[in-house]
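Chain order of the listed sequences is A and B.
So for the first sequence, this note's numbering puts the first residue at 1; every next one is plus one.
So for the second sequence, this note's numbering puts the first residue at 1; every next one is plus one.
No lab work stands behind these hints, which were simulated from the structure alone.
From the three backbone atoms N, C-alpha and C, an ideal C-beta is built for every residue, glycine too.
Where hints are given, some of them may not hold.
[Said to hold, decoys possible] Here are the simulated distance ranges between beta carbons:
id: 1; chain 1: A; residue 1: SER53; chain 2: B; residue 2: HIS257; range: 40 to 48 Å
id: 2; chain 1: B; residue 1: GLY86; chain 2: A; residue 2: ALA117; range: 53 to 61 Å
id: 3; chain 1: B; residue 1: ARG84; chain 2: A; residue 2: VAL148; range: 46 to 54 Å
id: 4; chain 1: A; residue 1: ALA118; chain 2: B; residue 2: VAL27; range: 31 to 39 Å
id: 5; chain 1: B; residue 1: HIS257; chain 2: A; residue 2: PRO20; range: 36 to 44 Å
id: 6; chain 1: A; residue 1: ALA81; chain 2: B; residue 2: LEU52; range: 40 to 48 Å
id: 7; chain 1: A; residue 1: LEU144; chain 2: B; residue 2: LEU52; range: 51 to 59 Å
id: 8; chain 1: A; residue 1: SER42; chain 2: B; residue 2: SER56; range: 52 to 60 Å
id: 9; chain 1: A; residue 1: LEU190; chain 2: B; residue 2: SER348; range: 24 to 32 Å
id: 10; chain 1: A; residue 1: SER53; chain 2: B; residue 2: ARG492; range: 31 to 39 Å
id: 11; chain 1: A; residue 1: VAL38; chain 2: B; residue 2: MET409; range: 41 to 49 Å
id: 12; chain 1: A; residue 1: VAL38; chain 2: B; residue 2: VAL269; range: 29 to 37 Å
id: 13; chain 1: B; residue 1: LEU534; chain 2: A; residue 2: SER42; range: 44 to 52 Å
id: 14; chain 1: A; residue 1: PRO52; chain 2: B; residue 2: ASP81; range: 44 to 52 Å
[As the list claims (entries may be wrong)] Examples of chain B residues lying across from chain A (beta carbon under 10 Å, computed):
id: 15; residue: LEU212
id: 16; residue: GLU276
id: 17; residue: MET490
id: 18; residue: PHE494
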Amino acid sequence: MKPGAAGSRASAGGAEGRLPSGRIVVWLLLAAVTMMFVAFTSSYVIHRAQVPSVAVPLPGLLWLNTLLLLASSATLEWGSAEFRRGSAAPGRRALVATLALGLGFVAGQVAAWTRLAAAGVFLHSSPHSSFFYLLTGVHGLHLLGGVVALAVVLSRARAASEAGQALRAVGPAATYWHFMGGLWVYLFALLFWL
Amino acid sequence: MEAAIRSERAARGRERASRSHHEPSFVRKYIFSTDHKVIGIQYLLTSLFMALVGGSMAMLVRLQLAWPGKAWPVLGAVFPDAFRDGVMRPDFYYALVTMHGTIMVFFVLTTILSGGFGNYLIPLQIGAGDMAFPVLNMVSYWLVPPAIIVLMAAFFVEGGAPGSGWTAYAPLSAVEGSAPGSGLGQTLWLISLALLMVSFLMGSLNYITTVLNLRARGMAMLRLPLTVWALFVAAILSLLSFPVLTAAAVMLLFDRHFGTSFFLPEGLVVGGRALEVSGGDPLLWQHLFWFLGHPEVYIIIVPAMGIVSEVLATHARKPVFGYRFMVGSLMAIAFLSFLVWGHHMFTSGMHPLLGTAFMTTTLIIAVPSAVKTFNWLATLWRARIRFTSAMLFAIGFVSLFVTGGLTGMVLGSPAANTYFHDTYFVVAHFHLVMGSAALFGVFAGIYHWFPKMFGRLMNEGLGRLHFWLTFVGVYATFFPMHFLGAAGMMRRVFSPQVYGFLQQLEPLNVAITASALGLGLAQFLFVYNFGYSLFRGARAGRNPWQATTLEWYAPSPPPHGNWDEAPPVVHRWPYDYSLPGAGEDFVPQTAPEPAVVLAGGAPAGGAAGGGEGA
Ligand code: HEM
Ligand SMILES: [Cu+2]
Numbered sequence: 001m002k003p004g005a006a007g008s009r010a011s012a013g014g015a016e017g018r019l020p021s022g023r024i025v026v027w028l029l030l031a032a033v034t035m036m037f038v039a040f041t042s043s044y045v046i047h048r049a050q051v052p053s054v055a056v057p058l059p060g061l062l063w064l065n066t067l068l069l070l071a072s073s074a075t076l077e078w079g080s081a082e083f084r085r086g087s088a089a090p091g092r093r094a095l096v097a098t099l100a101l102g103l104g105f106v107a108g109q110v111a112a113w114t115r116l117a118a119a120g121v122f123l124h125s126s127p128h129s130s131f132f133y134l135l136t137g138v139h140g141l142h143l144l145g146g147v148v149a150l151a152v153v154l155s156r157a158r159a160a161s162e163a164g165q166a167l168r169a170v171g172p173a174a175t176y177w178h179f180m181g182g183l184w185v186y187l188f189a190l191l192f193w194l
Numbered sequence: 001m002e003a004a005i006r007s008e009r010a011a012r013g014r015e016r017a018s019r020s021h022h023e024p025s026f027v028r029k030y031i032f033s034t035d036h037k038v039i040g041i042q043y044l045l046t047s048l049f050m051a052l053v054g055g056s057m058a059m060l061v062r063l064q065l066a067w068p069g070k071a072w073p074v075l076g077a078v079f080p081d082a083f084r085d086g087v088m089r090p091d092f093y094y095a096l097v098t099m100h101g102t103i104m105v106f107f108v109l110t111t112i113l114s115g116g117f118g119n120y121l122i123p124l125q126i127g128a129g130d131m132a133f134p135v136l137n138m139v140s141y142w143l144v145p146p147a148i149i150v151l152m153a154a155f156f157v158e159g160g161a162p163g164s165g166w167t168a169y170a171p172l173s174a175v176e177g178s179a180p181g182s183g184l185g186q187t188l189w190l191i192s193l194a195l196l197m198v199s200f201l202m203g204s205l206n207y208i209t210t211v212l213n214l215r216a217r218g219m220a221m222l223r224l225p226l227t228v229w230a231l232f233v234a235a236i237l238s239l240l241s242f243p244v245l246t247a248a249a250v251m252l253l254f255d256r257h258f259g260t261s262f263f264l265p266e267g268l269v270v271g272g273r274a275l276e277v278s279g280g281d282p283l284l285w286q287h288l289f290w291f292l293g294h295p296e297v298y299i300i301i302v303p304a305m306g307i308v309s310e311v312l313a314t315h316a317r318k319p320v321f322g323y324r325f326m327v328g329s330l331m332a333i334a335f336l337s338f339l340v341w342g343h344h345m346f347t348s349g350m351h352p353l354l355g356t357a358f359m360t361t362t363l364i365i366a367v368p369s370a371v372k373t374f375n376w377l378a379t380l381w382r383a384r385i386r387f388t389s390a391m392l393f394a395i396g397f398v399s400l401f402v403t404g405g406l407t408g409m410v411l412g413s414p415a416a417n418t419y420f421h422d423t424y425f426v427v428a429h430f431h432l433v434m435g436s437a438a439l440f441g442v443f444a445g446i447y448h449w450f451p452k453m454f455g456r457l458m459n460e461g462l463g464r465l466h467f468w469l470t471f472v473g474v475y476a477t478f479f480p481m482h483f484l485g486a487a488g489m490m491r492r493v494f495s496p497q498v499y500g501f502l503q504q505l506e507p508l509n510v511a512i513t514a515s516a517l518g519l520g521l522a523q524f525l526f527v528y529n530f531g532y533s534l535f536r537g538a539r540a541g542r543n544p545w546q547a548t549t550l551e552w553y554a555p556s557p558p559p560h561g562n563w564d565e566a567p568p569v570v571h572r573w574p575y576d577y578s579l580p581g582a583g584e585d586f587v588p589q590t591a592p593e594p595a596v597v598l599a600g601g602a603p604a605g606g607a608a609g610g611g612e613g614a
């Protein structure tokens, strides 16, 4: 078609029909986080392939933590569903539950660390222990970022006059949170099998 | 429908007018400002200042290479720790080389192109009032000065600044005491880069979201000026590659301070002392570093390419040739730049098969690079060129890009690389293609957009003189380095005189140093022109270059919020220069369609602008 013909005007550009900026930023941020963990975990995989060293016996507590984190994703989805249905109070309760489960996960991870340390396995004990602490630590920090985001969302949901507003605030934070859950499953599987 | 839009726009205009009534305080306006234009200029000035710092370090490096072992009493008096009896100490030399590279790559070229031009141009050229996240934007700038302070502090701590090069190869960078500057200095280097990486992350989140979300009505993606396309692609590169360096930096900090050995192999002996480390791999650092490092050089050159495309079209009064191919080749280069990092490691110990694979991907980059070069030349072909300072620098960019790119092909072959790696041939390659070419892009951009930024024109006579001295200066300085490399002079060598086979290179080294000093002095013409024009330059008016893109629709300088009238509405692609049948030789992007009668046979590139494929 001819350059800039009039018909193209309606469809071209314009602020309508675009994703909210918050959504875009979350996906971009997750792309960056993904690249960082690609770097960490490919280092780990190559390292395990090159220099097999004795693996750290993973504390059984990690299984419980995994359950907590997966449950937190479920309660978060439940909360969004409540907001979508227009019922704000149960939605907020679900957010509180998510936060509690998330903090429970972090506390569980720290407890796993103290157990390992009590067994004499420290950051510098072996290459595998270094990677264990590194991966769990960096993941935990990112999850804490999600905790902060959820807390902000919760306070906004408190202030929101209607459930729709609260839902818009939850969306990006929920994306991030679910991603952190998936990331943990991936890291745990790597640490478990390699 | 139309009426509703118009009244909505009028309302927005009123809102803007009322906002500009209460003037923000000086601090909010010029220091902690959220205005993308102020932030862009802050980045610009900070980077230019750092260019002076990094450039001065280069001059000291060149002094040493031309006259190793000579006493410089004055320098010795100014920097008593760095010179012993006026003679430069080797550890200071290594610190200089390291800091020069770090500053120029990260704190000059990256910050000025993405931070300076990105912030200034993206909202203006897409017709927005500001960035998507102005506060994030302000924070992103204000992380840079602390990063600079931390970096420069390395010179003043015990052990001095790091000497492990801008690539900070392990184990030199991982073990304290492995080299001068490997103590606190190296840690400060890492912290400084960490701050900068957070800043770049915030910046690229902002640039990408802004381009996706805040385009003016009618600004389809395929109507974006090539500058915006380039900055957008560079932001994606930055978003995806810097996190890898972040990961590497975290691991390096752990190795340095928490006793891990990610990068330290079993049985490592440093300074006669066997280290208690096991199982690490120094090559891992190189892989991670170059996985960022190679995209990083494209994060720098891609925005320069965008600026050059824009400046060439405007001052040649012709549409950019092959707009879609320009966009496509940017994307191809960006994509390929993630697959070639191994060409920096051919000699580090690499399976020959892998080397061949990296050679293949490396040489394929030449294809989109050549597409761009031919399109630039075709844009110039039979044009009524206005040889402004901006245009001269843009043409100079094309020359330098070709010269430096060709030696890249040589280096990309593992066999040739085995000979040339870590020699001055590599130094020549990247100073031409990255150092000089990107700098020429920066200068082209400054001469072109200075009138918009400050409302005044720069002096053209001084600008052209600056161009010729710089153009001759960079070729005289960097081209002979190919011969140094071919003769075997290694990069980062402290004194070429200690090797018999390098002693014959002394006259060439002296000549290069003389050119470099001249090149450095010529930059003061620019500094003078910049300062003088800021206050005394001729008033520019809205559109001094008769350009088509949206920033020229705003006043010079644009007010807070950018548009004094209604925000622009876009009706065409950005390169309607010399349209056959149009009255003037340019048609702004805001000109509605019926205002120009097309006399048939619109240029091939023109068709690209009208597409609906946003
Ligand atoms: C067709 C294009 C290019 C090819 C084939 C190419 C190839 C290479 C190769 C093989 C090396 C490694 C040399 C060695 O260390 O042995 C190298 C180094 C380098 N290249 Fe390029 N290059 C190209 C374009 C560019 C561009 C456009 C830039 C920057 C804007 C650039 C910046 C650099 C830098 C900074 C280094 C040196 C890094 C260091 O070791 O400190 N190159 N190039
Ligand atoms: Cu490269």
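Honestly, which of those hints from before does the structure not fit? 1, 4, 6, 7, 8, 11, 17, 18
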